[in-house]
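J.: Letter by letter, the chains look like this.
Number of protein chains: 2
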Amino acid sequence: MSDSVGIVTPQKWVFEEPITLSSGAVLPRYELMVETYGELNADKSNAILICHALSGHHHVAGYHTAEDKAPGWWDSMIGPGKPIDTNRFFVIGVNNLGGCHGSTGPSSINPATGEPYGSAFPVVLVRDWVETQARLADRLGIQQFAAVIGGSLGGMQALRWSITYPERIRHALVIASAPKLTTQNIAFNDVARQAILTDPEFHGGDFYQHGVVPRRGLRLARMLGHITYLSDGGMGEKFGRLLRTGEYQYGFDVEFEIESYLRYQGDKFANVFDANTYLLMTKALDYFDPARHYGGSLAEAMRQAKAKFLVVSFTTDWRFAPARSREIVKALLDADRTVSYAEIESQHGHDAFLMQDAPYMNVMRAYLNNVAKELV
Amino acid sequence: MSDSVGIVTPQKWVFEEPITLSSGAVLPRYELMVETYGELNADKSNAILICHALSGHHHVAGYHTAEDKAPGWWDSMIGPGKPIDTNRFFVIGVNNLGGCHGSTGPSSINPATGEPYGSAFPVVLVRDWVETQARLADRLGIQQFAAVIGGSLGGMQALRWSITYPERIRHALVIASAPKLTTQNIAFNDVARQAILTDPEFHGGDFYQHGVVPRRGLRLARMLGHITYLSDGGMGEKFGRLLRTGEYQYGFDVEFEIESYLRYQGDKFANVFDANTYLLMTKALDYFDPARHYGGSLAEAMRQAKAKFLVVSFTTDWRFAPARSREIVKALLDADRTVSYAEIESQHGHDAFLMQDAPYMNVMRAYLNNVAKELV
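Chains as they are written, first to last, in the UniProt record's numbering: chain F, 1 to 376; chain H, 1 to 376.
Keep in mind the hints are simulated off the structure, nothing from the lab. Honestly, I wouldn't trust all of these hints.
Since the list can't tell identical chains apart, any single copy or any two copies may satisfy a pair.
Simulated pairs of lysine to aspartate or glutamate, DMTMM-like, Cα-Cα distance not exceeding 20 angstroms [claimed, not checked]:
| # | residue 1 | residue 2 |
| --- | --- | --- |
| 1 | Lys268 | Glu201 |
| 2 | Lys373 | Glu345 |
| 3 | Lys180 | Asp232 |
| 4 | Lys180 | Glu237 |
| 5 | Lys306 | Glu39 |
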């Protein structure tokens, strides 16, 4: 298709310099799995970094082989002529440190032991990801990103970029995100974590050596997660109280279609995702709170930033409701920063940031069109 | 205390007549654990039935021993001079069939095998509970209840009473309830069930014979349930992002106070509640849909009723939001029935029906005062 970036090949970047993480833990070396689309221009001013959310990775657009059935996870947004236009921008996708898609993470071999890291892999914070992404930018010779863009946990990375490296980012696009988790957000994460941690096959995180996978726990975590990604109304429209067989079965097998959907999603995820990575990602969410080092003032935190902002929320998102995005907008205004805000009508709940609601696509296209115009 | 019903003693009622359940399954005999408070008047017109919710039971008010630290689960509502005034009403609490507090349930001995029922215990619907409660009323010589009252799943029983036995109930008090579950409600229930069903110690429901309990699954189910019982705001006010130690720990032990609270609640529950009963209760919730046999029209279902109704909802309840109560009210109005409706401002979410917000207590007191006045 003419609007696809086509066949893409991920590259592994090796960083032999040790990194000291926020927790104090040190990784002596690490690797990042990366994909890029489009061409970096002569003055290296057209680079856009895409930050992924909980279960995302570096494969953001295009296909790995001609036989691939599904493209990268944000293919709707990225490609020639798409809102993030690869004819104009050089787009970078990276699997975050701690991930399970090729970057160094809990399932990678720990050079100190010759075994998978497992429980020895340190907790990673959003700021640690930003640090590794900045080192990647150094390698690519990118001094300043045209934009850093992310949805959900990805939006938190864009926010953190704007605070930690104000000179290195011209625009931050923060979509379906929040300045920190609510108590309820943390509570859901903890149930998901407890499902994994108490799975007998988790083995304290060192299940790799036992030849098993804590599939039950990961499946439950994903099922629960899915409920929070969808809106009550959207779920109702799609599944309602539809029965699998049309009649009550009076048992514990699949009865309602929604059960079938959730169990399928849980099973699928449990077969491919790493349980330790899931734990790490949820902790990064819990810990994110940029106001924390500024006396609890998000406005003070945002005063560090020099970027311009686009903040986007979705009406039926109850995981990170529009009110959470408005907190970010208010802090930016209080800090005298430039911010555009769009609250998009959508039935897709939190997942809307991955969907193609026309008003959303139009907002993204218009904003990034202006970002492109700044390029000479 | 002068407003307590004092020390009460539960009674076990034995029903030797078989009961055919909605599923078609037959129980040859069953027992119900019952408590009563106050005195049945001469014409037996002052009886009030209290229906319990998911984890409730017959012990609704008072204490079992002088050493008891906590009274019955609705002691705030029931007693001399309280809204449900035991000086005027004869109040009945009953542990529902399938329960785990003395009534016949999955942990009871199956007469056919001499072993606990376990997986052989049939699914029970709200209408089945109403049937067993009606038989209990027959035994007590109660032809007509002054009121049937319940919160959440208990409210569904009150609704069902009004439809199935219109002549036997003068008032139905339906609190923090819903006319049927939404897709999201079912989805949460299914995650809870899957946590139990996939616990290796569940043994297909026959864990009793293995000398184990599916504690991990039940604990997760309860943790998840608790999130849906509390409001996001109320949880935020109580726990916020408060850290156990004041500092990030960068690990998977308790970090935030909310985690400590949820895990404690989960552990406590898993030590006392029966996993099979939990499964049954969630299925009863899923199946409840009185409109189903009236062409999907709740108004048509409610047209069967002769009772007067009080419907109560709480502003921050997102498990059964006020909109769900308003569906009931609208159906009752469409059916030309008499209904009072109170939407109570509360921070307590779904749990508010067990709390003592003054406006709520006042509404209950005023309504039941009028119910008492009808008694000669």
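J.: Would you list, in rising numerical order, the hints stated earlier that this structure does not obey?
T.: 2 and 5
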